[in-house]
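> Protein sequences, first through last, are from chains A and B.
At position 444 of the first sequence the residue is numbered 430 (my numbering), and the sequence of numbers has no breaks.
At position 159 of the second sequence the residue is numbered 145 (my numbering), and the sequence of numbers has no breaks.
Wrong hints could be hidden among the right ones.
All copies of an identical chain are treated as equivalent in the list; a pair is satisfied when it fits inside any one copy or across any two copies.
[Said to hold, decoys possible] Okay, derived cross-link-like pairs now, SDA-like style, lysine to any residue, Cα gap no bigger than 20 Å in a straight line:
1) 261 - 218
2) 431 - 339
3) 431 - 341
4) 431 - 330
5) 261 - 208
6) 431 - 177
7) 261 - 466
8) 261 - 141
9) 431 - 344
10) 261 - 171
11) 261 - 340
12) 431 - 481
13) 261 - 477
14) 261 - 481
15) 431 - 219
16) 431 - 343
17) 261 - 55
18) 261 - 137
19) 431 - 340
20) 261 - 381
21) 431 - 274
22) 261 - 64
Bear in mind the hints are in silico, worked out from the structure with no lab data behind them.
Model, not experiment: these values are computed from the prediction.
Number of protein chains: 2
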Amino acid sequence: MPTSHEHRADGHMTPDQFRELGHRLVDWVASYMEQPDRWPVQSAAQPGDVLRQLPDEPPQEPGAPDEWDAIVRDLDDIILPGLTHWQSPGFLGYFPCQASGPAILGELVSAGLNVNGMSWATSPAATELEMRVTDWMAGAIGLPESFMFGRAGFASPGGGCIQGTASEATLIALLAGRSRVLHRPGRTVAPDRLVVYASTQAHSSVLKAAMIAGLARDADDTSRVRFVATDADLAMDPGALADVLTEDLAAGRHPCCVVATVGTTSSGAFDPIAKIAGALEDVGVTDDCWLHVDAAHAGAACICPEHRWILDGVGRADSIVFNPHKALLTNFDCSLLWTRDRASLTRALSVSPEYLRTPANDPGRTIDFRDWQIPLGRRFRALKLWFVMRHYGVEGLRAFVRGQIRMAVLFESLVRADQRFEICAPRHLQLVCFRMTGPPGIDAKLLNARNRELLERVNLTGRVFLSHSTLPSPDGGPERFVLRLAVGSTSCRDEHIRTAWDIVRREADST
Amino acid sequence: MPTSHEHRADGHMTPDQFRELGHRLVDWVASYMEQPDRWPVQSAAQPGDVLRQLPDEPPQEPGAPDEWDAIVRDLDDIILPGLTHWQSPGFLGYFPCQASGPAILGELVSAGLNVNGMSWATSPAATELEMRVTDWMAGAIGLPESFMFGRAGFASPGGGCIQGTASEATLIALLAGRSRVLHRPGRTVAPDRLVVYASTQAHSSVLKAAMIAGLARDADDTSRVRFVATDADLAMDPGALADVLTEDLAAGRHPCCVVATVGTTSSGAFDPIAKIAGALEDVGVTDDCWLHVDAAHAGAACICPEHRWILDGVGRADSIVFNPHKALLTNFDCSLLWTRDRASLTRALSVSPEYLRTPANDPGRTIDFRDWQIPLGRRFRALKLWFVMRHYGVEGLRAFVRGQIRMAVLFESLVRADQRFEICAPRHLQLVCFRMTGPPGIDAKLLNARNRELLERVNLTGRVFLSHSTLPSPDGGPERFVLRLAVGSTSCRDEHIRTAWDIVRREADST
């Protein structure tokens, strides 16, 4: 379909051309939404398959009128077969990355406006809408007012902002903790004596943050990143944390940040925030040691009052991150970081060169979110969260989350009903860890290999995509290879969970 | 306008509703593109104006069928007046943040697919298209093949990837440099002896990167961030760099990263890459000290062969960043970082937990871009750059850049023709620094105050938006407050430049 208008002499797309192509691509996205299972969930592409279909050299001349026909054809023929389809109802691996109509429209409007909200002055509405929606979401998941801007607005000691990812939020928490302890009056702390703590089940982003911050030389250097033992449920053991802290203090080290994970990646376990805060208090480092809660995935569940207990004690934490871009229908990227102590956070990140100073950013007058994040520039991400919350309403979001958890319960019950399988960790929220068992006495490594093979076979069907992890063995043997089913994309329904189980069983028969 | 379909029982937007609302919002964006100067460029909003118009509490119930009417109304009535309009032809402050039709469509498609390209396996096409378009752009701006994947593909020692911002890219360069020097065999380097170098005119992101990496305690701690003197053109003085390096080496410090800025934010000056590389060689730290080129803004000009001299010597640098999201028509965020030494870069950032391991990421088989960046997750940003390059073609992009530079030349000539004004630094590419002069002997501070007032008056007209910086005074007096005009948005034409100048002159008359 040639566009109906000639190219402008200057080569830009005219508004009319944009209307026409925009409608066409909206329809293309709608078709994608209509048949999210048209393609294998996991791409069947081999390394280099896509590269080979793309010309070595970029086009030199402006696209001819039919160039957009070719672009759409290439989307269909080259790009779609090369994707792993995170929006497929059969996508049940990792954690979800949910798109929704309202969020996609938010991205469209954000792209159309293309403002850079680095400072309040560079687009007041970008900053103020973000303040409002982070307050909204803080209330919706039951955070205390200390994490909100609330009536104090620009003058509040706490508040939230939208980051790209939880990895960035965790890095920022570490930097804020480091900055706070280094700037405590009346004491000198050697930066190379600072230590960070998380459970053995914490996300890789904690180690990565330590590497970036200079607390770890590389991924093998964990001398200042202490991974604390977990209990039988794979949640951080507060007693073990207290022991490690005591040991480090005795050795002249300075705890600067503890990351409590609420919903670990491997098994969904909940570190007990209140008890961890208690351990910090017992050891006497409450004021020195930043307590960060990584609720990247599980935070979504807290929109339902019945699940809020997992954040018990969060009022004693210094910061918390939760990703609406995982399980709350808001397109990637949208990761919410709240803090009770934004002064420490911004001191770690604020640089104010002359070219960014405006009368509006005199201290206390407004907020510049650039001082809350790693990058300088920032997209207008609050729009999509605003659209999602207005479209669904808090009750609509609750209903969605409950439906997703119900599907995980369904899958768990299917696994439990089959004696050839076992649940490998308590099911928490939308995540089920399971594996095939073997005959009594089967070699642990052989069993792991069989489960790995099972996972590969399941994913090769193209109808469902699961991922894996390893979990400690209760008997102290080799780590267990487990399959992870995490519900799920926006389009996932009971029938897809049943289908996934049928496929797992069928493939197990021939493994 | 109620949507034509009832809400689904589950509250999700149906594909048909998405079509209808998508068309409507595409039209809304097209209208915005049609009249980008309908609103004051700089928002007239006062702190809190937008907040006050947004309800304290989020909606509890799902939106009624007419909720989207209300959303669009609020976009018009609350959001648009609260924005500083970066797409207005009168937006001539900071550096531009150019949107274009093709790039907006790229964002739309990316949002519709919403894949997370953290690993090759999580969407092969996202990784491979990114490899191809970074190669395309590397060739288009004249980078040597050592920065490309090229025929070696996954096995190449160099290559590019898309970051969110140049700030992140500069941080990564610093981390890569640190990692390389710390891992050099046969020598032990104390991490707290590492030093970073940039000119006094370098972007604030260098200091911020040092703070994040732990090389600076806060923004006031520049003991390990050395700002090197500049020459009369405000470009780094390679001799001064050599002196500082020599001094540090003698004191037992370890240079780990030099940032050469090609197109400084304050005046657009070009640090001489080849001479800087020469200084590193003379001092004998070529292998130890990572040379990073920050061409965030000026990189776009290199798509024109006549400007490529500004990157002379880049083949001796270890990495270079350039932002198509500034002056090359690609929506924010799209910042390209290339390196010749990706092994050092990924060693600084790679953590491979079990749950992210796949057969495809065995060493050398594929590339996982998560190991090239700060976050874990990543959006499919290559799409928009692909669309832009296909729509405009390299020649179309060249014509656009030349047109933008021509407008800066026009503005410069207008300033020069008026004896009440002066050009304050050599005009480089699209950036003009100027100020009102005063009567001979005018107090330097008074003159600064008058120019500050002039800037405020100009921006208050709402028809044009300029920004400012301070530049060293040639006579060693107080820094000069200068106005910055940076061309410009996609919609900027000669007439807007003439209007901007008319407004500046008129406001100067009454200042």
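> Decide, hint by hint, whether the structure agrees.
Taking the hints in turn, this is what the structure says about them:
1. 261 - 218: within (16 Å within a copy, 61 Å between copies)
2. 431 - 339: between (57 Å within a copy, 19 Å between copies)
3. 431 - 341: Between. Shortest inter-copy distance 18 Å satisfies the 20 Å Cα cut-off; intra-copy 60 Å does not.
4. 431 - 330: Close neither inside one copy (48 Å) nor across copies (34 Å); limit 20 Å.
5. 261 - 208: neither (24 Å within a copy, 40 Å between copies)
6. 431 - 177: For residue 431 and residue 177, neither the intra-copy (43 Å) nor the inter-copy (40 Å) Cα distance is at most 20 Å.
7. 261 - 466: Classified as neither; 28 Å inside a copy, 56 Å across copies.
8. 261 - 141: neither (31 Å within a copy, 48 Å between copies)
9. 431 - 344: This pair counts as between: shortest inter-copy Cα distance 18 Å, intra-copy 63 Å.
10. 261 - 171: For residue 261 and residue 171, neither the intra-copy (28 Å) nor the inter-copy (44 Å) Cα distance is at most 20 Å.
11. 261 - 340: For residue 261 and residue 340, neither the intra-copy (45 Å) nor the inter-copy (28 Å) Cα distance is at most 20 Å.
12. 431 - 481: neither (34 Å within a copy, 73 Å between copies)
13. 261 - 477: Neither way: residue 261 and residue 477 sit 38 Å apart in one copy and 57 Å across, limit 20 Å.
14. 261 - 481: The answer is neither: 40 Å in one copy and 66 Å across copies each exceed 20 Å.
15. 431 - 219: Neither: 23 Å inside a copy, 67 Å across copies.
16. 431 - 343: Answer is between: at 18 Å across copies they meet the 20 Å cutoff, but 61 Å inside does not.
17. 261 - 55: This pair counts as neither: shortest intra-copy Cα distance 60 Å, inter-copy 48 Å.
18. 261 - 137: neither (31 Å within a copy, 55 Å between copies)
19. 431 - 340: between (61 Å within a copy, 16 Å between copies)
20. 261 - 381: Cα proximity of residue 261 and residue 381: none, with 31 Å in one copy and 63 Å across.
21. 431 - 274: neither (44 Å within a copy, 44 Å between copies)
22. 261 - 64: Neither: 52 Å inside a chain and 44 Å across chains, both beyond 20 Å.
Taken one by one, the earlier hints fail for this structure at numbers 4, 5, 6, 7, 8, 10, 11, 12, 13, 14, 15, 17, 18, 20, 21, 22, listed in ascending order.
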